[in-house]
Amino acid sequence: MTDVLVVCVLLGLGFGFGTLAERRHYHSIRRREEDLASVMIFSARFPPEPERPRESRLVTGQVVISVDYFKAFLAGLRGLVGGRVTSYEGLLDRARRESILRMKEDARGLAPCKIFNVKLETSSIWKGGGNSLAGVEVLAYGTAVAD
Amino acid sequence: MLLTNLEVVPGRRVVEHLGLVQGSTVRAKHVGKDLVAGIKNVFGGELKFYTELLQESREEAIQRMVAQAEALNANAVLNIRFSTSSIAQGAAELFAYGTAVRLDESP
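In order, the protein sequences belong to chains A and B. Just so you know, numbering that gives the first Met the number 0 puts 41 at position 42 of the first sequence, and the rest follows in order with no gaps. Just so you know, numbering that gives the first Met the number 0 puts 21 at position 22 of the second sequence, and the rest follows in order with no gaps.
You may find that some hints are simply not true.
[What the hints assert, rightly or not] Below 25 Å or equal to it, Euclidean Cα-Cα: the simulated DMTMM-like pairs (lysine to aspartate or glutamate) are:
id : chain 1 : residue 1 : chain 2 : residue 2
1  : B       : 32        : A       : 120
2  : A       : 118       : A       : 34
3  : B       : 32        : A       : 34
4  : B       : 32        : A       : 32
5  : A       : 118       : A       : 54
6  : B       : 47        : A       : 104
7  : B       : 47        : A       : 34
8  : A       : 118       : A       : 33
9  : B       : 47        : A       : 21
10 : A       : 118       : B       : 51
11 : B       : 32        : A       : 146
12 : A       : 118       : B       : 92
13 : B       : 32        : A       : 21
14 : B       : 47        : A       : 54
[As the list claims (entries may be wrong)] Here are some chain A residues pointing at chain B (derived, C-beta under 10 Å):
id : residue
15 : 2
16 : 24
17 : 50
18 : 69
19 : 120
20 : 121
21 : 136
Hints were generated in silico from the structure; no laboratory data involved. Glycine included, every Cβ here is placed at the ideal spot set by N, Cα and C.
Please build the complete structure, drawing on both the sequences and the hints.
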């Protein structure tokens, strides 16, 4: 009985705080994306040949985001029937956008600039037995070339 | 030392290729922080300790790569790639590699 109660409390906490955290995060992401819209990013491997030497530098951004208990529970249920795991899609979307924003912030020293050859590296940090944590790590990196 | 993940440096010429250089590091945070992360796993949100951990690891991997490049008398590392992998719970490996080159003098 107590077990069920504990799980219910954890689910409630996860739902409440998790939803709040996600909403806040999306709010901050959208605001900063507008602020940093002037830094354009490209996955092109070669920048256009410049007429004069440009300053360039490696820039990186990274973030580790954890899923909340409620979302992990939902994903577990989804695993029974199969299909889109929307609770994890949001997590990955936030992590990618956040790491790109941090990369752009890192490039501020070179502003105005463009970032070329942007790569995104995603990995889950923990995988393992029953009590393992679920989190996602995203590293974004590229080369900022001054305009 | 100029670091870039492009294969060319805009406006500069590669004088000499010096081969692959690499740096790697494996790091872990102490148990207390793992516990905090466990609690955070209920509420969701960013795991700042782990972000810091990865940032430190990345900087160290880059430093080791740069040390190798300096030993080769290079003045730039091109085409840098990162790769991460988890080795055990709470420990992460970060690996950075690239091509050491000598560029012509900057004008």
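Comparing the hints with the structure gives:
| no. | hint | result |
| --- | --- | --- |
| 1 | B/32 to A/120 | 24 Å, holds |
| 2 | A/118 to A/34 | 22 Å, holds |
| 3 | B/32 to A/34 | 33 Å, violated |
| 4 | B/32 to A/32 | 31 Å, violated |
| 5 | A/118 to A/54 | 20 Å, holds |
| 6 | B/47 to A/104 | 17 Å, holds |
| 7 | B/47 to A/34 | 23 Å, holds |
| 8 | A/118 to A/33 | 21 Å, holds |
| 9 | B/47 to A/21 | 15 Å, holds |
| 10 | A/118 to B/51 | 20 Å, holds |
| 11 | B/32 to A/146 | 42 Å, violated |
| 12 | A/118 to B/92 | 18 Å, holds |
| 13 | B/32 to A/21 | 22 Å, holds |
| 14 | B/47 to A/54 | 31 Å, violated |
| 15 | 2 | 16 Å, violated |
| 16 | 24 | 8 Å, holds |
| 17 | 50 | 8 Å, holds |
| 18 | 69 | 8 Å, holds |
| 19 | 120 | 6 Å, holds |
| 20 | 121 | 9 Å, holds |
| 21 | 136 | 6 Å, holds |
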